[in-house]
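Residue numbers (our numbering), protein chains in the order written: chain A, 18 to 129; chain B, 54 to 166.
Bear in mind the hints are in silico, worked out from the structure with no lab data behind them. Here the structure is a predicted model, which is why all the values come from computation and not from measurement. Hints may contain errors.
Unchecked claim - Sample of chain B residues lacking proximity to chain A, with all beta carbon distances greater than 10 Å (derived):
{"no.": "1", "residue": "VAL57"}
{"no.": "2", "residue": "LYS80"}
{"no.": "3", "residue": "HIS82"}
{"no.": "4", "residue": "GLU94"}
{"no.": "5", "residue": "LYS97"}
{"no.": "6", "residue": "ASP109"}
{"no.": "7", "residue": "LYS115"}
{"no.": "8", "residue": "GLU116"}
{"no.": "9", "residue": "LYS124"}
{"no.": "10", "residue": "GLN134"}
{"no.": "11", "residue": "ASP139"}
{"no.": "12", "residue": "ALA152"}
{"no.": "13", "residue": "LYS154"}
{"no.": "14", "residue": "LEU166"}
Said to hold, decoys possible - Output of the computed footprint for chain A on chain B, the stretches with three or more beta carbons under 8 Å from beta carbons of chain A:
{"no.": "15", "segment": "66-73"}
{"no.": "16", "segment": "98-108"}
Just so you know, even glycine gets a beta-carbon here, dropped at the ideal spot from N, CA and C.
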Amino acid sequence: GESVGLHLPTLSVQEGDNSIINCAYSNSASDYFIWYKQESGKGPQFIIDIRSNMDKRQGQRVTVLLNKTVKHLSLQIAATQPGDSAVYFCAEKGTNAGKSTFGDGTTLTVKP
Amino acid sequence: NAGVMQNPRHLVRRRGQEARLRCSPMKGHSHVYWYRQLPEEGLKFMVYLQKENIIDESGMPKERFSAEFPKEGPSILRIQQVVRGDSAAYFCASSLGQAEKLFFGSGTQLSVL
Chain A
18 GESVGLHLPT LSVQEGDNSI INCAYSNSAS DYFIWYKQES GKGPQFIIDI
68 RSNMDKRQGQ RVTVLLNKTV KHLSLQIAAT QPGDSAVYFC AEKGTNAGKS
118 TFGDGTTLTV KP
Chain B
54 NAGVMQNPRH LVRRRGQEAR LRCSPMKGHS HVYWYRQLPE EGLKFMVYLQ
104 KENIIDESGM PKERFSAEFP KEGPSILRIQ QVVRGDSAAY FCASSLGQAE
154 KLFFGSGTQL SVL
C-alpha cells in the first residue's frame, strides 16, 4: 500500500539558520504533494504545495523540492524563526484520490 | 470567511456512551474529510464524503463508527459505545475539489473515561 514517511522525527536549529525537512513517499501514482504545519493544540495549516509536473516551488521563506525519480520531497525554511517551531507533515494525493495520506511528522524546534 | 468549524472542542464520554462530532466545512466546499490523530503521531485518514455521499471510508473501523454529510447542516462523525482506545483528536478538513488542498478545523479532543 501507499505510505509517506519522514527521514527524521525531530530537527533542532538555531534561530536564523535554514531548515530542511525531508519526506519520502512510495506511491508512484502520487501527483500532488502538500506540506502542513501543526502547532500544539491546533489543526494542520497549509504551507505550500507542488504538483508532479514541477520540481520546485517557492513561497514566502519556504521552498518545496520534488524529486520524482527517488520519490523524495523536501521543505526548506529560510531564516528559521521561533514561530516556525511546530510539527511538519508532508502529505500526498494520488490521481483521482480524494484523501491525502500523511507522514508521521517532523518536530522542528528553533533555539533562540 | 469562516474556516472549517468543529465542535465541540473537547468531549468527555464514559465507556459505552455515544460521541457525536460535528464539522462545518468552509463556505463553498462540498468535500469533507475526517482524520484521527493520536498523541505524537500523524493523521490517519478515516472517511471522505461529498454532500450526501460517502466516497471513501477505507479508514473507518467497520463497527461503531459512522459518518454522514447531509444536504443541509454539518458533517457528523458518530462513535457508538465508545471505548478508551477511541480517545484521540479528531480533525475535519474540507476542500473545494477532489484534487485540491485540505483546510483543517481545530479538532475535537475526545476523552473516554
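Hints, verified against the model:
1. A Cβ of chain A approaches the Cβ of VAL57 (chain B) within 10 Å, the least distance being about 8 Å, so the stated non-interface status is violated.
2. The beta carbon of LYS80 (chain B) is kept farther than 10 Å from every beta carbon of chain A, the shortest such distance being approximately 17 Å.
3. With a least beta-carbon separation of about 12 Å from chain A, HIS82 (chain B) lies farther than 10 Å from that chain, consistent with its non-interface assignment.
4. Against the 10 Å criterion, GLU94 (chain B) falls within the reach of chain A, whose nearest CB is about 6 Å from its own CB.
5. With a closest Cβ-Cβ approach of about 8 Å to chain A, LYS97 (chain B) is found to fall inside the 10 Å limit, against its non-interface label.
6. Not every C-beta of chain A lies more than 10 Å from that of ASP109 (chain B), the closest at about 6 Å, which undercuts listing it as non-interface.
7. Here LYS115 (chain B) stays apart from chain A, with its beta-carbon at least about 18 Å from theirs, past the 10 Å limit.
8. At roughly 21 Å, the least C-beta separation between GLU116 (chain B) and chain A is larger than 10 Å, which holds for a residue marked as non-interface.
9. Residue-level check passed: LYS124 (chain B) sits 19 Å from the nearest beta carbon of chain A, beyond 10 Å.
10. With a minimum CB-CB distance of about 26 Å to chain A, GLN134 (chain B) clears the 10 Å threshold, and the non-interface call stands.
11. Every CB of chain A is more than 10 Å from the CB of ASP139 (chain B) (nearest about 19 Å), matching its label as outside the interface.
12. For ALA152 (chain B), the condition that its CB be more than 10 Å from all CB atoms of chain A is violated, with the nearest at approximately 6 Å.
13. The non-interface label for LYS154 (chain B) is inconsistent with chain A: the shortest C-beta to C-beta separation is roughly 5 Å, within 10 Å.
14. With a minimum CB-CB distance of about 21 Å to chain A, LEU166 (chain B) clears the 10 Å threshold, and the non-interface call stands.
15. Under the rule that three or more residues need a Cβ within less than 8 Å of chain A, the assignment of the segment 66-73 of chain B is violated, with 0 such residues.
16. Three residues within the 8 Å Cβ limit are the bar, and the segment 98-108 of chain B against chain A gives 3, so the coverage statement holds.
Of the numbered hints listed earlier, those contradicted by the structure are 1, 4, 5, 6, 12, 13, 15.
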